[in-house]
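2 protein chains.
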Amino acid sequence: MRAHSGFLEVLEATIEGPGDEQFVRTIVRHPGAVTVVPVLGDAPDVLLVRQYRAAVGTEILEAPAGKRDVDGEAPDETARRELEEEVAHRAGRLEWLGECYTSPGFCDEYAYLYAAFDLTPLDAPSAATAEEAVMTVERVLLAAVDDLIAHRELVDATTIVGLLLTRALLTGSVPAGA
Amino acid sequence: MRAHSGFLEVLEATIEGPGDEQFVRTIVRHPGAVTVVPVLGDAPDVLLVRQYRAAVGTEILEAPAGKRDVDGEAPDETARRELEEEVAHRAGRLEWLGECYTSPGFCDEYAYLYAAFDLTPLDAPSAATAEEAVMTVERVLLAAVDDLIAHRELVDATTIVGLLLTRALLTGSVPAGA
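These protein sequences, in sequence, are chains U and Y. 23 is the number that the numbering used here gives to position 23 of the first sequence; each next residue is one higher, with no gaps. 15 is the number that the numbering used here gives to position 15 of the second sequence; each next residue is one higher, with no gaps.
Bound conformation, chain U alone (with noise of 0.2 Å):
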């Protein structure tokens, strides 16, 4: 089996054991992505995006978030671009935080997380797709994230990630240089 289906490469590898023996695994082939926590104020707030999930049939509560689909676009050139398109905001300093697979054991999604900081409004987001146009921001204070967790009102993981590691970067946890 090997099949395209939009953005989504999905195939069946034959892999080598450690001795002679072969099994397959189903490989979903992602181009990557990236995810961007927006930092206001001195609290500080941190800009979330509440949008309509169809893989999961419910809206979630997330961080501006998209695709590494736009040929030759540096990760935080991505990151930037989908700050101004869901949150409507540009910034003036991102901040690298971690990077990760989503689900190795049977993609290759790869994600990019930064914090911006020193934001400046801008008059109104520029939607590229469907659920940007109908996604809402809220606004949500940094200290309130584990109670958000708690509550599963914080269910998506490179959004969790992009949080946790903004509140170490802020409280000075993440080692210098990284």
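Note that these hints are calculated values from the structure, not bench results. The model shown is predicted, which means the values in this text are computed figures rather than measured ones. Warning: the hint list may mix true and false statements.
Identical chains share a label here; the pair holds if one copy fits it or two copies do between them.
What the hints assert, rightly or not - Here are the simulated SDA-like pairs of lysine to any residue, each with C-alpha atoms no more than 20 Å apart in a straight line:
id, residue 1, residue 2
1, Lys67, Trp96
2, Lys67, Val140
3, Lys67, Leu40
4, Lys67, Asp108
5, Lys67, Pro31
6, Lys67, Ala127
7, Lys67, Ala143
8, Lys67, Leu170
9, Lys67, Glu12
10, Lys67, Val56
11, Lys67, Ser5
12, Lys67, Phe7
13, Lys67, Asp118
14, Lys67, Ala13
15, Lys67, Arg25
16, Lys67, Ala130
17, Lys67, Arg90
18, Lys67, Pro121
19, Lys67, Glu95
20, Lys67, Glu85
21, Lys67, Val24
22, Lys67, Phe23
Take the given structure of chain U and dock chain Y to it, following the hints.
Same frame as chain U, now just chain Y:
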């Protein structure tokens, strides 16, 4: 398009937009997963596994994890089973950390995250898959997590979420009764 491959189902869904428009999204259905962070000693340390992931073509350092592919098995039972299969320890106590979609833009995989305490070593891991038969166990200081993320040595999303939430749990920043 609608295809099954291994434990995944890939389909194209037509979504109604806010106006009259319709748009198509590729959706991958996944049985769900658990990730469990085994905590040892007073430092404390955590037990991670290094395993080859065919989807990304390399070895990754991860917390013990597995799919929810046993009918009727509750997620905490799956967590206990994976702990025995992958790092050969039995948990005296599991603490729920949170839950997350790994990549809700295209996939409904939903992961339950736990920390495991009061661990008892078993004689040998009871590997259930080809990957488990060759994975190696590594004992890592929980305090080293920020550094490992900053150096891209921890790049699995639910592992990072699990480790950061385990630390928050142990330092008391998670709301009581969550």
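Results for each hint:
Taking the closest pair of Cα atoms, Lys67 and Trp96 come within 20 Å of each other only inside a single copy of the chain (17 Å); across copies the shortest separation is 31 Å, beyond that limit. In the homo-oligomer, the alpha carbons of Lys67 and Val140 never lie at most 20 Å apart, since the shortest distance is 24 Å inside one protomer and 32 Å across protomers. For a Cα distance limit of 20 Å, the shortest separation of Lys67 from Leu40 qualifies neither inside one copy, at 24 Å, nor across copies, at 38 Å. Taking identical chains as interchangeable, the C-alpha atoms of Lys67 and Asp108 lie at most 20 Å apart whether they share a chain (13 Å) or sit on different chains (17 Å).
Taking the shortest Cα distances, Lys67 and Pro31 sit within 20 Å of each other inside one copy (7 Å), while across copies they are farther apart (23 Å). Taking identical chains as interchangeable, the C-alpha atoms of Lys67 and Ala127 lie at most 20 Å apart only when both belong to the same chain, with a minimum of 14 Å there against 36 Å between chains. Taking the shortest alpha-carbon separations for Lys67 and Ala143, neither the intra-copy value of 28 Å nor the inter-copy value of 32 Å comes in at or below 20 Å. Proximity of Lys67 to Leu170 under the C-alpha cut-off of 20 Å is found in neither arrangement, the shortest distances being 26 Å within a copy and 35 Å between copies.
Only between protomers do Lys67 and Glu12 lie at most 20 Å apart by alpha-carbon distance; the minimum there is 18 Å, versus 23 Å within a single protomer. With identical chains, the CA atoms of Lys67 and Val56 are at most 20 Å apart both within one copy (18 Å) and between copies (17 Å). For a Cα distance limit of 20 Å, the shortest separation of Lys67 from Ser5 inside one copy, 15 Å, qualifies, whereas the shortest one across copies, 24 Å, does not. Taking CA atoms no more than 20 Å apart as the test, Lys67 paired with Phe7 passes inside one copy only; the shortest distance there is 9 Å, against 24 Å between copies.
For the identical chains of this complex, Lys67 and Asp118 are neighbours neither inside a copy (24 Å) nor across copies (41 Å), given an alpha-carbon limit of 20 Å. Taking the shortest Cα distances, Lys67 and Ala13 sit within 20 Å of each other only across copies (19 Å), while inside one copy they are farther apart (24 Å). In this homomeric assembly, Lys67 and Arg25 come within 20 Å of each other (Cα to Cα) only across copies, at 14 Å, whereas the closest approach inside a single copy is 24 Å. Taking the shortest alpha-carbon separations for Lys67 and Ala130, only the intra-copy value of 14 Å comes in at or below 20 Å, while the best inter-copy value is 32 Å.
Taking CA atoms no more than 20 Å apart as the test, Lys67 paired with Arg90 passes inside one copy only; the shortest distance there is 19 Å, against 40 Å between copies. Neither within a single protomer nor between protomers do Lys67 and Pro121 lie at most 20 Å apart by alpha-carbon distance, with minima of 23 Å and 42 Å respectively. With identical chains, the CA atoms of Lys67 and Glu95 are at most 20 Å apart within one copy only, with a shortest distance of 19 Å there and 33 Å across copies. Proximity of Lys67 to Glu85 under the C-alpha cut-off of 20 Å is restricted to the intra-copy arrangement: shortest distance 13 Å within a copy versus 35 Å between copies.
Only between protomers do Lys67 and Val24 lie at most 20 Å apart by alpha-carbon distance; the minimum there is 16 Å, versus 28 Å within a single protomer. In this homomeric assembly, Lys67 and Phe23 come within 20 Å of each other (Cα to Cα) only across copies, at 17 Å, whereas the closest approach inside a single copy is 30 Å.
Violated hints for the displayed structure, listed by number in ascending order: 2, 3, 7, 8, 13 and 18.
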